[in-house]
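Novice: Starting from the known structure of chain A, arrange chain B on it as the hints suggest.
The listed protein sequences correspond, in order, to chains A and B. Under UniProt numbering, the very last position in the first sequence is 751; numbers go up by exactly one each time. Under UniProt numbering, the very last position in the second sequence is 189; numbers go up by exactly one each time.
Keep in mind that a hint or two might mislead.
Simulated coverage check for chain B against chain A, where a stretch passes if three residues somewhere in it have a Cβ under 8 Å from a Cβ of chain A [said to hold, decoys possible]: (1) 99–106; (2) 115–123; (3) 161–170.
Some, not all, of what chain B presents toward chain A, calculated at C-beta under 7 Å [unchecked claim]: (4) 7; (5) 20; (6) 78; (7) 132; (8) 147; (9) 149; (10) 151.
By construction, these hints were calculated from the structure, which means they are not laboratory data. Each residue gets a CB set at the ideal place from its N, CA and C atoms; glycine is no exception.
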Amino acid sequence: MDTYDAADGDEHPLLGRLIRVGFFLLAQSIAVMLVAFVALLVSFGTSWSATTEQASLLQPGDARSGSLLLKEDGTTTEAIRLGTDVDITVSGPTLRARVTQAFRNPTKDWVEATYVYPLATDGAVDTLKMVVGDRIIVGDIKERQQARVIYEQARRAGQKAALTEQERPNIFTNSVANIGPGETVLVQIEYQEPVHQSGDEYSLRVPLVVGPRYNPAPIVQSVDFRKDGSGWGATTDPVPDRDRISPPVLDPAKNAPVNPTSITVRLNAGFALGEVKSHHHNVKVESRDDTTRVVTLADGAVPADRDFELTWKPAAEKAPSVGLLREHVGDADYLLAFVTPPSAGQAAQKPLPREVVFVIDNSGSMGGTSIVQAKVSLTYALGRLQPNDRFNVIRFDDTMDVLFPASVPADAAHVAEATSFVSALQARGGTEMVPAMRAALSDKLGDTGMVRQVVFLTDGAIGDEQQLFETITAMRGRSRVFMVGIGSAPNTYLMTRAAELGRGAFTHIGSVEQVEERMRGLFAKLENPAVTSLSARFSESKADVTPAIIPDVYRDEPLVLAAKLDKLAGSLEIKGRVGDRPWSVTLPLQNAAEGKGLSKLWAKRKIGDAEVARTLRELTPEDADKTILALALDHQLVTRLTSLVAVDKTPSRPEGKPLKLSELPINLPAGWDFEKVFGERQQPTQLRERHADARNQPAARRPTPAAPDAIRLPKTATSAELKIIAGLVLIVLALILFVFNRRQPLLTDAA
Amino acid sequence: MPRLIPPLALALIGLILFGDGAYIHAKAWLAQVLLERAFDRSVASGEAVKPWSWADTWPVARIEVKRIGASAIVLEGTSGQALAFGPGHIRQTVDAGERGVAVYAAHRDTHFRFLRNVAIGDIIEITRRDGRHFRYRADVSDVVRFDASGIEPATHDFELVLATCWPFDAVTSGPERFILHATLIEADR
Chain A
1 MDTYDAADGD EHPLLGRLIR VGFFLLAQSI AVMLVAFVAL LVSFGTSWSA TTEQASLLQP
61 GDARSGSLLL KEDGTTTEAI RLGTDVDITV SGPTLRARVT QAFRNPTKDW VEATYVYPLA
121 TDGAVDTLKM VVGDRIIVGD IKERQQARVI YEQARRAGQK AALTEQERPN IFTNSVANIG
181 PGETVLVQIE YQEPVHQSGD EYSLRVPLVV GPRYNPAPIV QSVDFRKDGS GWGATTDPVP
241 DRDRISPPVL DPAKNAPVNP TSITVRLNAG FALGEVKSHH HNVKVESRDD TTRVVTLADG
301 AVPADRDFEL TWKPAAEKAP SVGLLREHVG DADYLLAFVT PPSAGQAAQK PLPREVVFVI
361 DNSGSMGGTS IVQAKVSLTY ALGRLQPNDR FNVIRFDDTM DVLFPASVPA DAAHVAEATS
421 FVSALQARGG TEMVPAMRAA LSDKLGDTGM VRQVVFLTDG AIGDEQQLFE TITAMRGRSR
481 VFMVGIGSAP NTYLMTRAAE LGRGAFTHIG SVEQVEERMR GLFAKLENPA VTSLSARFSE
541 SKADVTPAII PDVYRDEPLV LAAKLDKLAG SLEIKGRVGD RPWSVTLPLQ NAAEGKGLSK
601 LWAKRKIGDA EVARTLRELT PEDADKTILA LALDHQLVTR LTSLVAVDKT PSRPEGKPLK
661 LSELPINLPA GWDFEKVFGE RQQPTQLRER HADARNQPAA RRPTPAAPDA IRLPKTATSA
721 ELKIIAGLVL IVLALILFVF NRRQPLLTDA A
Chain B
1 MPRLIPPLAL ALIGLILFGD GAYIHAKAWL AQVLLERAFD RSVASGEAVK PWSWADTWPV
61 ARIEVKRIGA SAIVLEGTSG QALAFGPGHI RQTVDAGERG VAVYAAHRDT HFRFLRNVAI
121 GDIIEITRRD GRHFRYRADV SDVVRFDASG IEPATHDFEL VLATCWPFDA VTSGPERFIL
181 HATLIEADR
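Isolated chain A, as found in the complex (with noise of 0.2 Å):
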């Protein structure tokens, strides 16, 4: 710039260097402005990113406040213990049983702990009790909402409280508030039940731990439009209440079995007894009479971390195939039926060709042995085929394959193929059930006059089995579901309810040695006609029956039948067809045997043909919902709807001692492999402080600093103040330094 000053300067100097300073200006005016209109778009996009919610990075794990971390090894661990006895008295085909849980608590806080549990998903559980020292508080029946106020009410005023919730029909929470340092707590639940039969044997199942359950991620799929029919929605969660039933697990690697289970069975069949035994505990068995047995775990207490499952067959070559029990409660009567229908001619009868569709689960919840069975079952299965049959093989986890395009015959080179693509599969991934259940259930081969049986083989670990049971329901067309539940602890209220909905049957196993024994038993089922076109009449007394259509029945099942009725006279006749044969039985009400708890079994039937038919759209939600309500508040029965509270009226924490929760920790069931659900090693157990006085959390209700559905805060900052500011230093910053050149060049001049 010197040089051109020295060249230009010599004709007009004054002139030359004002139009230089004027073109120099201009065009920084034109580069403000631009950059400045760049910059304001900019800004927009900075602005509204700035603003975005920033905590989706943050795992709950991150999010706990004020926890306190245990520490690992299992000696030393500072938690609230839990033992369990569960005792069991058997009265022919039905049962009564009691699970007293004692919750200790050895820490020197005062906490509030809870504990998911299963139970079995035909029991009505109706008595709740809560023994603190030597007072006994029996809970009352509330509707949910209203039991759970109750609840937090004693909680806060610092009196002892328990509450028993049903998460699912085989899911119950129970919550036990203001246990003392160094007391013990026992919470005492009663359920009653039918024994399941089948054949000549009959059996029951306690399921002692909650397998791991996958919850699909939200779809885009379950939308709920709002109401104004202004077409915005939000995405719906398929399983709201994931925390509810998500309790932490124990990786059996690192930490020494928890929650010790002690059972005991009182069996008293009401007929000679034969064999007698437990699939997956060591027991003792000990005789008082033909007819009764005590039947123990042989070691004591066991970690809770399988079903226990018990069989016992009649000594004589058959069971009774009918049996009627009565009870009168209140103004009416009860009555329970148990008749096994004689089975077809199985020589004269060849069984029809079918298309079988297998199913297999090979999601990381199968992982272990659980996987073992499923192979070596459908493995046995395909080697049942008769060369008319037609099949096919799906198998999912996140993913699935369908092994032929359609089924095919059963013919040697197809069933090799399909046993060569079983016996590779591996077990990963979550648990998407839905798609398979759609694919098995799209019958593309159309009416061939052949049966068509879908064979599903899970453990059921999921937690939306709703959407499942919508599938079933909305495609099962002329397919029937046959359920396997596989592992130790396999998720039976999905099993039966598939089995219900999709008209089949289902089975369990719970270890390879059952495998062959199971599967005959299913495929005997499969292959014979079921008993058909079934109803039931009473001649004289007028009946609520349940079920109201009465399904078909298959080889070797027992027909149940609960009904209500105005007077106990006449009899009750029962129909139907037995392959293309007529039937029928006639069972004189009079002769009927005095039994127990049955007005509790048929009200729970009746809460069960309530859900199913709100599931099937026969009822709206809404009118589901009130006849399920109506009945679990005659019958004092724990339902959807509601709980079961007990309150200790005299206040036991000082007021201002905090309160701590703590959420019991389960095993993972037995067989499962801990890696494969859940991908790495988990957090340890960790208790979480919670203020029992609401004064200082205003809308804290429930101990949720991690669960998904806790409402986080999106960020409320703006940048303007800190850019306003520092433009506004920038600028006079500017003018000093403007008014300091302007200066110099006259300082310079003056000089």
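Specialist: Just chain B now, with coordinates in the frame of chain A:
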């Protein structure tokens, strides 16, 4: 001549920053004016009216605290875009006036600047889009972390929570949030 460049550059950057900051406030103010009109039309027609055609949200309620003369139109959702224009209604929560907790969040330096002046006992009035009117009384305030709000969506009372960033006068954003809790005392049409 080169001596002029640094002060001009500084002035330029300063102006941009200042303009940007002022723009946020201008946008917040202008949006409320447009929202006020859209909300009045919503109440009159009973339908969701978008304040401008390309908006991805719509007004759902008006918050007023008459004692301090504060008022704001609440938008559906709490995306960054929505919050730039007005307080947002957190989607997981119920509408005001329903059983449960309705949570509204807004920027501490624009629409919820007035929260610092709200005293316990003040009446917060909510007019919903359908024209229904609810009066809440502020009863508790608290400072929480954004991810541990302690707000229980399934409560049995009729509650309202107004949330903004804490501390009020900070210039950078942090994890803490100020929440003002209020309980329904009166509902009318």
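Novice: Which of the listed hints are not met by the structure?
Specialist: Of the numbered hints, 2 and 7 do not hold.
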